[in-house]
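*Asks:* Chains X and D: place on chain S using the hints.
Read top to bottom, the protein sequences are chains S, X and D. Each residue of the first sequence is one higher than the one before, starting from 51 at the first, in our numbering. Each residue of the second sequence is one higher than the one before, starting from 27 at the first, in our numbering. Each residue of the third sequence is one higher than the one before, starting from 20 at the first, in our numbering.
Hints listed in this document are in silico derivations from the structure and should not be mistaken for laboratory results. Owing to the predicted nature of the structure, the values given are computational and were not obtained by experimental measurement. Mixed in with the good hints there might be a few duds.
[As the list claims (entries may be wrong)] Under 8 Å between C-beta atoms, here's a sample of chain D residues computed to sit facing chain X:
(1) 47
(2) 57
(3) 70
(4) 71
(5) 166
(6) 168
(7) 208
(8) 212
Just so you know, even glycine gets a beta-carbon here, dropped at the ideal spot from N, CA and C.
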Amino acid sequence: MSKKEDILARYRAHVRERFDRPVLDDIQAITYPDPLAQFVRMSQTVGGRVVEAEGNINDLIRKLFPEAKEIASNLPEITIATRNPDTVESARALNGTDVGVIRGCFGVAENGCIWIPQTMKEKAVCFISENLVILLPKDRIVNNMHEAYRQVEFHDYGYGTFISGPSKTADIAQVLVMGAQAARSVTVVLV
Amino acid sequence: MSTLHSEKAKAFLQDEAYSQWHDNTFWSVRTKRDTMARGLPEWEQLREKASAIKRHTVTHLDEYLDQFATNAEKNGVIVHWAADAAEFNETVYGILKEHGVRKMVKSKSMLTEECEMNPYLEARGIEVVETDLGERIIQLKGQKPSHIVMPAIHLNHDDVGELFEEKGISDEKGNHDPTYLTYRARLSLRNEFLTADAGMTGANFGIAATGDIVVCTNEGNADMSTSCPKLHIAAIGLEKVIPDYECLAVFQRMLCRAGTGQPTTTYTSHFRKARAKDAEMHIILVDNGRSDWVGNPDHWEVLKCIRCGSCMNTCPVYRRSGGYSYSYFIPGPVGINLGMLRNPREHSGNVSACTLCLSCQSVCPVKIDLGDQVYKWRQELRALGAANKGKKALCDAMSLMFGSSGLYRTATAVSPLLNILPHGLVHSGVNPWAEGHEMMEFPKKPFHSIFKDLEKE
Amino acid sequence: MRIGLFIPCYVDAVYPEVGTATWKLLRHLGLDVSYPENQTCCGQPMANAGFESQAVPLARKFEDKFRDFDYIVAPSVSCTAFVRLNYERLLKGHECRTAAKAMDVVEFLHDVVKPTGPLGRFPHKVSLHNSCHGVRELGLSSPSEQNIPAFNKIKDLLALVEGIEVVEPERPDECCGFGGMFSVEEKAVSARMGRDKVLRHIATGAEYVTGPDSACLMHLSGVAKKQGLEIGFKHVVEILAAGL
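So here's chain S without its partners, still in its complex pose (with noise of 0.2 Å):
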């Protein structure tokens, strides 16, 4: 027998009482009134920021960011980005990215995730840049996971995430410091 036949032998051999799965449509999850009004709410819970789009996106990103040097986006609309995580030769080179632009699927209103399906050769971008933007359609906001677990899509990479915020530890001494091994901001630009 292979490992798996003799894992699995194993457990039927040890398993007693078979319990049903539950039913699970009746959950009485939490909604809001005004979800994209929780969503921005939840969005500054979690250090992140969140702004309207207006005029022009790349004005608006220079505004934001006026130091920025590197700018690294895949979107076409992005045309201030001076790398671009489909093109570059490695992951490796996208290290030293000032501000990187992404595009966010959907948003969740309780808890500020933001679903991020990949859709660029090097995923390296949604984490190694110092700042990222999530560009966002303030019209696809749902309630809560329950929800946004029946809106989860892949594109033709197989990874996907959901990002609330930026990244974060309280590793030394419970004290929260944004930051951590990925993004340090985050700012979602609602479009």
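*Replies:* For chains X and D alone, coordinates are given in the frame of chain S:
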């Protein structure tokens, strides 16, 4: 009749200021968790559902594991099975050797701690770099985690500051500000991410319906670990597999709320395929006792655990004794129970480290009856030959006295009951009760004597 | 309605005044209460220490003494919880008529007798000690861990006492650290938990700590005296029956 835990706890409590800080810190996490729980009107319903999903899944693992592995393989992932820690370590090493890996970055995984993977690989010339900040700190310090979610909680910022100076991670001597230290660690780890040949992650969940593994972190280190190298190895215990996204939504909502009191982890990442055509993703499914534990009629439900750590945070004994007082590498209520499943003789000292207050099972997001199980383990110690002799002698004496009304009456008439009990406790003549307590003033008459007069009134 | 009064061993031997208050209170409310002779211990101390089999003969004895009552009422949440939750299992193969009828005096008064009129008079500020087994096994109050509507049966009853002011300490249902054998096996942790608890009660400005279990109070008063911390201790029934 002091246990190893009680001796270590006593030493832990010697440092008054630190032990109070430890208690307050974890209580504040518990308080944040309470705020989150109260923020969702459906919280108790979610606990019911989470428990029921896990009961179902843990008792149908053969089906879900097969489905998970089949779907992962369809996605091009290479799936391995390991019966125990040794097989797991050999499998990891085999993959790394085949790819000529010299350095591997990894995100937090209690499973690799359980299998003691790092020393195994290091002995074979592979550098393993922990990338969760807390794990990295204790790795540099040569220590083990003292909490499953906050592994370096036992160290303060000065400890970390001095460590970073010694290791050349920070260069401003005496700057022990956590923000500065975190920034220095970021720079140091960034270099590791860029130069590693492989990335390893654990998994909070495996999704049978899609073959995804789901990893939840606040730091983004699992994503960083897998963004540059061409090789990703995921280590996952059998019990981590759940049916589908509908179930995942329940756990995603609870894991972080219960564990750290945040509405979500910063990153909830789904890994379904290798990250490029010339890259590989491996999943190693590890048994290491789990297929036996599922057959334990009193204790199989411990397999429901999602490792949120909330039972530790609420445990009044954990908060006042610290993770290192327990003999098993997972401390607190769930650790007491997991240790007993792993090796009851070695870890029986931990089962006394519980007042049976039952806060753990009242907190647990998947409703494991953790305190009730500690009670059951206590009953099993005698059969395991691990019962304390002094305690048994005392209970024999109590049973004899309480079993006979005559003896009981004589005892309470001649000398107060509590004087007899502690005396029987130890044969050294020391009264252990009196070490922490002023002895009570005993009444002239017990109630059963007074009652004769009461009745007449 | 015939009520059997169960006075657990340590209440009998160390806190007879709690037994007296319970008796007086139940009689004051006009209840048909009797106290079976030759009762001793429910077996909890041995069972919690890991010697459940030692509790079996005591469970049989208890069953003999109390099975014919409509209610078995005790001024101790942990003993009551032990009987209610374990006796059926301990007496397996034999009929168990006591488990379902065992009630702590607080829940008995609150749920069955439902007194509305004034009880005792106790013109003091009192800090409420919510014993773990009362909270999490008998449901005397909503556990702080759970998101359910808040309630507290002890508070409800104390509201019937004249002149009293009832407060709760910070961490209102954290364990005091007694835990039976735990208090001698894990002396250091137990004493620290006890001290922390006493200090939180004192911080409320209360003159007394009151609770539904004399074992917790015994532990706390022992710790308080040892450490020179001043606050009084009274079982809930002593306050409910004060001046009756």
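*Asks:* Next step is simple, just say for each hint if it's right about the structure.
*Replies:* Status of each hint after checking the structure:
1. 47: violated, 12 Å
2. 57: holds, 4 Å
3. 70: holds, 4 Å
4. 71: holds, 5 Å
5. 166: holds, 4 Å
6. 168: The hint is violated - residue 168 of chain D has no Cβ within 8 Å of chain X, the shortest such distance being about 11 Å.
7. 208: holds, 5 Å
8. 212: Status holds, d = 6 Å.
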